[in-house]
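**Q** Just so you know, the protein sequences line up as chains A and B, in that order.
Sequential numbering of the first sequence, starting at 394, is according to our numbering.
Sequential numbering of the second sequence, starting at 619, is according to our numbering.
Treat the hints as calculated values from the structure; they're not laboratory data.
Remember, it's a predicted structure, so these values are computed and weren't measured experimentally.
Any given hint might turn out to be false.
Derived EDC-like pairs: lysine to aspartate or glutamate, alpha-carbon spacing no greater than 20 Å straight-line [as the list claims (entries may be wrong)]:
1. Lys450(A) - Glu498(A)
2. Lys1092(B) - Glu834(B)
3. Lys1054(B) - Glu464(A)
4. Lys951(B) - Glu924(B)
5. Lys653(B) - Asp403(A)
6. Lys876(B) - Asp501(A)
7. Lys653(B) - Glu630(B)
8. Lys450(A) - Asp872(B)
9. Lys445(A) - Asp460(A)
10. Lys742(B) - Glu464(A)
11. Lys1092(B) - Glu963(B)
12. Lys445(A) - Glu805(B)
13. Lys750(B) - Glu464(A)
14. Lys653(B) - Glu635(B)
15. Lys750(B) - Glu520(A)
16. Lys733(B) - Glu1047(B)
17. Lys450(A) - Asp626(B)
18. Lys750(B) - Glu498(A)
19. Lys650(B) - Asp1080(B)
20. Lys1011(B) - Glu963(B)
21. Lys450(A) - Glu431(A)
Just a sample of chain B residues kept apart from chain A, beta carbon distances all over 12 Å, derived [as the list claims (entries may be wrong)]:
22. Asp656
23. Pro670
24. Gly671
25. Trp778
26. Arg885
27. Gln886
28. Gln898
29. Thr962
30. Gly970
31. Trp989
32. Leu1052
33. Thr1081
Okay, the calculated beta carbon distance ranges per label pair [what the hints assert, rightly or not]:
34. Gln729(B) - Glu446(A): 47 to 55 Å
35. Pro401(A) - Pro633(B): 42 to 50 Å
36. Lys503(A) - Pro977(B): 46 to 54 Å
37. Glu759(B) - Ala472(A): 36 to 44 Å
38. Gly506(A) - Lys653(B): 35 to 43 Å
39. Pro401(A) - Gln620(B): 24 to 32 Å
40. Pro895(B) - Thr526(A): 38 to 46 Å
All C-beta atoms, glycine included, are put in the ideal place defined by N, C-alpha and C.
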Amino acid sequence: MTQGYTFPEDQVISDLVFEATGDTPAELFQAAGLALFEVMADTGRVHPRIRKEIRLKHAQIDQLLYDWLSELIYLKDAAGLLFKEFSVQLTQDNDWSLVATVRGEPIDPKRHGLRADAKAVTYHQFEVVQTETGSWKARVVVDI
Amino acid sequence: MQVNKITDYVWEIPPSEKEGMLVPARIYATEKLMKEMDAGVIEQITNVACLPGIQKYALCMPDGHWGYGFPIGGVAAFSLQDGVISPGGIGFDINCGMRLIRTDLTLADVQPRLKDLLNVLFNKVPAGVGAKGLVKIERKEMAEVMTRGVNWCIKKGYGWAQDRDRIEGGGCLPGGDPSKVSSQAVERGIGQLGTLGSGNHYLEIQVASNENIYDEKLARAVGIFGRDQIVIMVHCGSRGFGHQIATDYLRVFDSAMKKYGITVRDRQLGCAPFRSPEGQDYYSAMACAANMAFANRQVITHRIREAFSQVFNEDAERLGLETIYDVAHNVAKVETYEINGKPTELLVHRKGSTRSFGPGRTEVPTLYRDWGQPVIVGGSMETGSYLCVGTQKAETETFGSTMHGAGRTMSRAAAKRMIRGTDLQRRMEENGILVKAVSMSGLAEEAGSAYKDISEVVDTMDTVGVSKKVVRLKPIGNIKG
Chain A
394 MTQGYTFPED QVISDLVFEA TGDTPAELFQ AAGLALFEVM ADTGRVHPRI
444 RKEIRLKHAQ IDQLLYDWLS ELIYLKDAAG LLFKEFSVQL TQDNDWSLVA
494 TVRGEPIDPK RHGLRADAKA VTYHQFEVVQ TETGSWKARV VVDI
Chain B
619 MQVNKITDYV WEIPPSEKEG MLVPARIYAT EKLMKEMDAG VIEQITNVAC
669 LPGIQKYALC MPDGHWGYGF PIGGVAAFSL QDGVISPGGI GFDINCGMRL
719 IRTDLTLADV QPRLKDLLNV LFNKVPAGVG AKGLVKIERK EMAEVMTRGV
769 NWCIKKGYGW AQDRDRIEGG GCLPGGDPSK VSSQAVERGI GQLGTLGSGN
819 HYLEIQVASN ENIYDEKLAR AVGIFGRDQI VIMVHCGSRG FGHQIATDYL
869 RVFDSAMKKY GITVRDRQLG CAPFRSPEGQ DYYSAMACAA NMAFANRQVI
919 THRIREAFSQ VFNEDAERLG LETIYDVAHN VAKVETYEIN GKPTELLVHR
969 KGSTRSFGPG RTEVPTLYRD WGQPVIVGGS METGSYLCVG TQKAETETFG
1019 STMHGAGRTM SRAAAKRMIR GTDLQRRMEE NGILVKAVSM SGLAEEAGSA
1069 YKDISEVVDT MDTVGVSKKV VRLKPIGNIK G
């Protein structure tokens, strides 16, 4: 399994669900970040010219993913940015620590092929699991 | 799961069907709507029936469909003493709701200028991902929006004094406390006053024709005279501000549940006792978001008046652009109902459900108190919407609640695969509905075929006697995010 994401069709009705995968937790978080912005825009049309750093900490990895995606949604509205590149470093001591650099640019309705706005990440069917082969998988329902 | 037919329109799942159910779950639907109802509704409404302090029934309206936590269309009332408050029973878009504005214009006046009108509205009411509003405010003023709602708008000239009397709760939910709101929520919402958002949110120009009026007396009472009269419907909520408040408090409740020994069947049903510090903090923050949403729809109303005034070169007052009513369909409110023969205050959660109070109830504005509270039911942009009024039966049967819209039947992902936004836009234009959308894929997700038959939904509650049809409204122009 490598880093990636899919949008399964019929698991939710009024919201959107994505499943993200990665060989490592960091890859999983990167894939989930990109999937989130693919919900909102054509990220292929976003230029990575503005850089933001994000630092987060949590004891549980699933809650850290919730916080990571919520932080990205916050930046989308508060800073008016869409991101396309996600470089994530994850370490586990007692807590999981995330240090990430994300790159994107201000939202431009004329250029970015805007789609549906992500209101929030829900806990509905939310899960982060390590598979038998050691890779990582998450299911995320995004409120639209 | 065993579902018992109580009447032709009411279905019940008894508490014996799921461990932990404290009350039965009831779904309002015709046989056809019940057959089409997705399995997620039954799973979710029976989960709601397990929440501490729930009274009488966990209810789902006929537009119900699979949501997160509560189903969309879910209604539940909780004891203030030993019941809970749950963001999953309100939704991320706190006080998402509908506003309906009348005009003295007719289709003949508007049709020749419809394209111009939509272009002006599209510029004045920003929509779509990341859209910023044209109202710039400082943090201090944002705090006033949070506590005073529409009163702030009227003070600043974004509304008429009479608007306040035609909004649920006067456009201000008491109890808002800005100190319970995170700075992240303020940063997300401060630039968004007067914006539509995306998803199923819209601004629509509609027509009220004589043949679509079901009750002429009631229609006249709310300012609808028919004869192809133009009205405007707005569907939106508290934008990123409310979404962030819900996100913040879901985290809080995730931990609080352990503290209070509450377990739930779906993590999205995270909750806390209403009387606990966490429950009270969330209620205060939720009220701030509800007030921001009332203010948002008020600023949009102001922009609509400007747009009509500009296009028709006439004052909005002279064009008769009066608010008919404004309803919240994602909110929790303290309301009084008779329980065991005694008037009792309960916390009623409505998630995709509209309050439907009947004549005489003091919460209904004086203007409408003899008739019942207007209920605005937004349909899909292809199939039309309804204006109804509430009834006294709603107060005894559904905690004063009825449907809020048509209700989805098709997932967004499936709709996008099956329908192209540009094809839909062309088809709608052929059918006399002009659409301006920020996102073509977003437009495809909102096709009429992705929704239930709104007439069957509205007729269900009309037949049951919980809300009464006044007029069906046909769309001719739509703005979407």
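**Q** Hint by hint, say whether it matches the structure.
**A** Hint check:
Among the hinted pairs, Lys450(A) with Glu498(A) is inconsistent with the structure: their alpha-carbon atoms are about 26 Å apart, more than 20 Å. Note on Lys1092(B) and Glu834(B): the hinted pairing holds, with a Cα-Cα distance of about 17 Å set against a maximum of 20 Å. Between Lys1054(B) and Glu464(A) the CA atoms are separated by roughly 31 Å; this puts the pair beyond 20 Å, and the hint is violated. The suggested pairing of Lys951(B) with Glu924(B) is violated, with an alpha-carbon distance near 33 Å, which exceeds 20 Å.
Proximity of Lys653(B) to Asp403(A) is assessed by CA-CA distance (about 17 Å); at most 20 Å being required, the pair is judged to hold. For a cut-off of 20 Å, the pair hint linking Lys876(B) to Asp501(A) is broken: about 43 Å separates their Cα positions. At roughly 14 Å between alpha-carbon atoms, Lys653(B) and Glu630(B) fall within 20 Å of each other, so this suggested pair holds. Note on Lys450(A) and Asp872(B): the hinted pairing holds, with a Cα-Cα distance of about 16 Å set against a maximum of 20 Å.
Among the hinted pairs, Lys445(A) with Asp460(A) is consistent with the structure: their alpha-carbon atoms are about 16 Å apart, no more than 20 Å. For the suggested pair Lys742(B) and Glu464(A), the alpha carbons sit about 29 Å apart, so the restraint of at most 20 Å is broken. Of the supplied pair hints, the one linking Lys1092(B) and Glu963(B) is violated, its CA atoms being roughly 39 Å apart against a limit of 20 Å. Note on Lys445(A) and Glu805(B): the hinted pairing holds, with a Cα-Cα distance of about 16 Å set against a maximum of 20 Å.
The straight-line distance between the Cα atoms of Lys750(B) and Glu464(A) is roughly 19 Å, inside the 20 Å bound, and the hint therefore holds. Proposed proximity of Lys653(B) and Glu635(B) is supported: the alpha carbons are some 19 Å apart, at most 20 Å. Annotation: proposed proximity of Lys750(B) to Glu520(A) is violated, straight-line Cα distance about 33 Å (limit 20 Å). A hinted pair counts as satisfied when its Cα atoms are at most 20 Å apart, and Lys733(B) with Glu1047(B) qualifies at roughly 11 Å.
Proposed proximity of Lys450(A) and Asp626(B) is contradicted: the alpha carbons are some 53 Å apart, above 20 Å. Taken as a hint, the Lys750(B) and Glu498(A) pair is honoured in the structure, with Cα atoms around 16 Å apart against an allowance of 20 Å. Taken as a hint, the Lys650(B) and Asp1080(B) pair is honoured in the structure, with Cα atoms around 16 Å apart against an allowance of 20 Å. Of the pairs offered as hints, the one joining Lys1011(B) and Glu963(B) holds, with about 18 Å between alpha carbons and a cut-off of 20 Å not exceeded.
With a CA separation close to 25 Å, the supplied pair Lys450(A) and Glu431(A) exceeds the 20 Å bound. Here Asp656(B) does not stay apart from chain A, with its beta-carbon only about 6 Å from theirs, under the 12 Å limit. No beta-carbon of chain A comes within 12 Å of the beta-carbon of Pro670(B); the shortest separation is about 18 Å. No beta-carbon of chain A comes within 12 Å of the beta-carbon of Gly671(B); the shortest separation is about 21 Å.
Interface exclusion of Trp778(B) from chain A stands, the closest Cβ pair being 30 Å apart, more than 12 Å. With a least beta-carbon separation of about 4 Å from chain A, Arg885(B) fails to lie farther than 12 Å from that chain, contradicting its non-interface assignment. For Gln886(B), the non-interface assignment is contradicted: its Cβ lies about 4 Å from the closest Cβ of chain A, within the 12 Å cut-off. The beta carbon of Gln898(B) is kept farther than 12 Å from every beta carbon of chain A, the shortest such distance being approximately 22 Å.
At roughly 31 Å from the closest C-beta of chain A, the C-beta of Thr962(B) stays outside 12 Å, upholding its exclusion from the interface. A Cβ of chain A approaches the Cβ of Gly970(B) within 12 Å, the least distance being about 9 Å, so the stated non-interface status is violated. No beta-carbon of chain A is positioned within 12 Å of the beta-carbon of Trp989(B); the least distance is around 32 Å. The non-interface label for Leu1052(B) is consistent with chain A: the shortest C-beta to C-beta separation is roughly 19 Å, beyond 12 Å.
With a least beta-carbon separation of about 25 Å from chain A, Thr1081(B) lies farther than 12 Å from that chain, consistent with its non-interface assignment. Hint check: Gln729(B) to Glu446(A), Cβ distance near 54 Å, so the stated range 47 to 55 Å holds. Distance hint for Pro401(A) and Pro633(B): a CB-CB separation of about 33 Å, inconsistent with the stated range 42 to 50 Å. Here the CB-CB span from Lys503(A) to Pro977(B) is close to 51 Å, well matched to the stated 46 to 54 Å.
Checked against the hint of 36 to 44 Å, the pair Glu759(B) and Ala472(A) fails, with Cβ atoms roughly 21 Å apart. Between Gly506(A) and Lys653(B) the C-beta distance comes to about 38 Å, which sits within the given range of 35 to 43 Å. Separation of Pro401(A) from Gln620(B) is about 30 Å and conforms to the stated range, judged on CB atoms against 24 to 32 Å. Checking the proposed 38 to 46 Å range against Pro895(B) and Thr526(A) shows it holds: the Cβ atoms sit about 45 Å from each other.
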